[in-house]
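**Student:** Take a look at the letters that make up each chain.
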Amino acid sequence: MKGFLGLASDFIEKMANPAYGTQVNESYGLRLAQLLDQDREAVGELAHMSELDAGDLSLLTTDGWLWLLGWMKSHGTRPSDDLLHSLFDNSNSLVLRLHVVEAVTTTADLKRTKEGWRESPPNVREFPESWLRTRMEKSVIISGPETRIERGEAALQLDPENVQAAVAESFELAMLLLQVGNESAMLALRSLLAHPWNGAELLRAHIAQLFSGLDEETRRNWYLALGLEDSDGA
Amino acid sequence: MIASPSNSRLRQEIQSCIQPFRGSLLEQLVKSSNCTLAVKYVATQWAKHYGTAGHLLKISTSPGYTWGTATYVVPICFPISSAIYGRIGVVGEYDPSSWRIFDATTSRAKNAYLTWLQTQFLYMQLTLTMHSNWANQFLRNQFRKTFKIDCVLFNPDQFNHSYTAHSDIWMAVSDWLPNEDLDTGLSQKFKNCRFTIIIEEEFDPDQFNISLRERIGPLSLRQPNVTMASAIATAYQSSGIVRIEA
Chain A
0 MKGFLGLASD FIEKMANPAY GTQVNESYGL RLAQLLDQDR EAVGELAHMS ELDAGDLSLL
60 TTDGWLWLLG WMKSHGTRPS DDLLHSLFDN SNSLVLRLHV VEAVTTTADL KRTKEGWRES
120 PPNVREFPES WLRTRMEKSV IISGPETRIE RGEAALQLDP ENVQAAVAES FELAMLLLQV
180 GNESAMLALR SLLAHPWNGA ELLRAHIAQL FSGLDEETRR NWYLALGLED SDGA
Chain B
0 MIASPSNSRL RQEIQSCIQP FRGSLLEQLV KSSNCTLAVK YVATQWAKHY GTAGHLLKIS
60 TSPGYTWGTA TYVVPICFPI SSAIYGRIGV VGEYDPSSWR IFDATTSRAK NAYLTWLQTQ
120 FLYMQLTLTM HSNWANQFLR NQFRKTFKID CVLFNPDQFN HSYTAHSDIW MAVSDWLPNE
180 DLDTGLSQKF KNCRFTIIIE EEFDPDQFNI SLRERIGPLS LRQPNVTMAS AIATAYQSSG
240 IVRIEA
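So the sequences go chain by chain: A and B.
The first sequence begins at 0 in numbering that gives the first Met the number 0 and counts up by one.
The second sequence begins at 0 in numbering that gives the first Met the number 0 and counts up by one.
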């Protein structure tokens with residue numbers, strides 16, 4: 000499938016890159032739809048590219064990955080955690096990061112077990128969606144040193160400078176989850192904000208600052224939805 | 000359900016711009032042509048594909064589209080309005096009776112969308128980023144998903160003086176997945192799609208890619224829309240083809 004994706008990369012580029020214009024994008028999109036309509040097995044193969052990993056990042060351009068993420072999402076699936084972390088970490092593209100978070104939270108299907116989390120969201124360490132769990136663990140520095148070393152990262156100490164960096168990372172993740180706004184994203188954000196760690200207060204302060212521009216009713220609704228206390232005293 | 004940072008007044012304003020089919024502008028358009036047919040123009044390479052029955056229209060996923068991921072068609076009462084996009088007119092039937100319709104031809108609805116846009120948490124970052132086409136597509140999809148909009152009506156944003164009038168109305172129609180996300184495959188909203196129109200013209204974009212110039216015509220007087228729409232509807236019912244002269 001990797002080879003197939005590599006061979007198809009030019010085709011996907013013509014379908015996804017807006018620089019080619021909508022008519023070229025459309026024509027290639029219709030061609031793919033026609034091919035997949037004639038070969039239903041190919042849909043399943045394309046939708047389940049779980050063997051793609053971080054080393055496959057160069058197979059597609061950013062436009063190609065954006066298209067593939069959307070296409071897989073609409074088929075109820077997503078690439079492997081490994082590939083998604085690599086896309087997220089290496090692209091530096093806000094749009095791509097947003098699409099990664101959207102793909103993960105849309106396909107997460109956390110509804111079945113969500114009832115029990117209405118009062119108290121799952122602990123970050125036990126969050127049921129693996130990519131989000133790793134992301135949240137990483138951002139609040141609760142990964143064990145062994146895990147970080149396995150990833151080729153230096154072990155972090157909880158000194159003030161590292162806490163500031165971790166808060167910045169966790170706030171970026173929080174913003175992406177807020178913007179996606181679906182139920183799984185909101186659940187992940189509640190877990191992140193409820194997690195006790197050195198940067199928790201600072202992260203909540205950033206969120207409070209973000210909400211301070213909202214009107215009273217909207218702000219109150221957001222605090223309620225995220226399980227936070229409204230210190231502005233609405 | 001998608002959480003939205005917009006306040007209740009803005010949400011009410013947006014909701015008031017979303018109408019059921021009954022009483023909507025789309026109902027007026029359907030009444031004016033007396034049928035629920037829509038047309039999409041495609042390149043000639045698809046003529047034979049749509050020459051036989053049973054094919055579906057492709058949902059447009061290109062990030063360059065005005066209202067995001069949707070099936071872009073035109074009500075049959077503007078029969079050649081989008082002919083600038085292809086010589087082959089594919090006609091299909093639709094059932095709008097349960098649709099929630101956002102009429103973005105009005106300043107009020109456009110303002111409501113723009114105001115909503117500015118309330119988004121990542122508005123500034125997304126507006127100022129590269130990949131702006133993808134950012135816009137994300138936001139437009141987010142808006143339609145948040146308010147469960149089945150159809151956006153909007154005025155054309157590309158033109159040709161004898162085919163496309165500024166006041167024509169185009170449609171972006173949503174296909175929903177069970178998880179309330181937007182589908183990206185083949186649209187189930189348009190049935191019995193069939194090649195029914197040949198446009199004897201081709202178009203070139205001008206330097207701004209807003210207006211498109213004819214390569215051949217005009218060689219003949221254009222018939223009124225109502226006459227062409229009636230002929231197309233009749234041809235569609237009888238599996239015929241209507242030729243529109245340059």
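Think of the hints as simulated: they come from the structure by calculation, not from any bench.
A hint or two may mislead.
Claimed, not checked - Derived SDA-like pairs (lysine to any residue); straight-line CA-CA distance at most 20 Å: (1) B:Lys-190 x A:Gln-33; (2) A:Lys-13 x B:Thr-43; (3) B:Lys-47 x A:Leu-34; (4) B:Lys-144 x A:Glu-182; (5) A:Lys-13 x B:Asn-208.
Since the structure is predicted, the reported quantities are computational estimates derived from the model, not experimental observations.
**Student:** Hint compliance check: list the failing hint numbers for this structure, sorted ascending.
**Tutor:** Violated: none.
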